[in-house]
Amino acid sequence: MTFITKDKGFEENVLFQMLQENYGVENIEVEKSILNFLHKKGFNFNFITSELLLQKIKKERILKDLTKDIGALLSYVSGRYSSNCYEKKVEKSEIEKVEVIEYYTYKDSEDDKYKFIAHLKVFPNVVYEVDEEGYNESLETNKTKTYLRNLETYDSEKRPYFKEPILFMYGGLVNIERETIRSIRFIDFLPWMYI
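Position in the sequence shown counted from 1, then plus 9, gives you this note's numbering.
Please keep in mind that the hints were generated in silico from the structure rather than gathered at the bench.
There could be a bad hint or two in this list.
Stated by the list, open to error - Taking lysine-lysine and the DSS-like style, the derived pairs with C-alpha atoms no more than 27 angstroms apart in a straight line are:
#, residue 1, residue 2
1, K172, K50
2, K49, K77
3, K172, K106
What the hints assert, rightly or not - For each label pair, taking beta carbons as the anchor points, the in silico distance ranges come out as:
#, residue 1, residue 2, range
4, T14, S92, 32 to 40 angstroms
5, T76, F56, 24 to 32 angstroms
6, E119, G33, 38 to 46 angstroms
Just so it is clear, CB atoms sit at the ideal spot from N, CA and C, and this is done for glycine as well.
Throw the hints in and build the complete structure from the sequences for me.
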């Protein structure tokens with residue numbers, strides 16, 4: 010029996026472990042996500058690895074995909090940018106690091122092609138043009154802040170910036186004859202996942 014949950018009760022709860030031991034239950038597995046479950050129990054190719062994914066989904070490609078909607082990140086810096094996040098000029102953008110979180114392979118029943126899905130934790134560094142008014146407003150917000158999703162991050166030059174990790178999702182085709190990835194397609198990115 011497999012449970013798919015991030016709840017630590019199955020691994021850390023003393024009562025649960027005691028009951029499991031008392032009743033001799035040994036067939037319980039806990040996976041933290043559906044992707045982890047599919048990676049271990051699903052249609053799997055051992056040549057699709059984290060290393061291959063990082064080799065094929067390069068930082069330059071990720072930055073290109075991020076650039077299509079890079080203004081959206083500014084709305085996470087401060088609520089003041091929610092309605093005008095695409096109006097500020099980007100002065101610097103780079104991908105500092107990429108980690109493969111989870112992935113799986115499958116055979117698509119609609120077209121009988123072998124495919125993959127990968128979730129990446131991407132560490133960007135995006136700096137926008139100077140906003141002195143926004144900077145001063147953030148100083149006031151930080152004094153009264155109890156909980157907001159807004160980062161209120163500004164550098165020493167009073168430029169808003171975004172450096173939090175982002176969840177990126179990619180998919181693509183697998184070439185089983187050559188044991189490699191044939192094509193890659195960007196699915197989406199979620200800036201709020203790690204804030």
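Which numbered hints does this structure break?
-> 1 and 2
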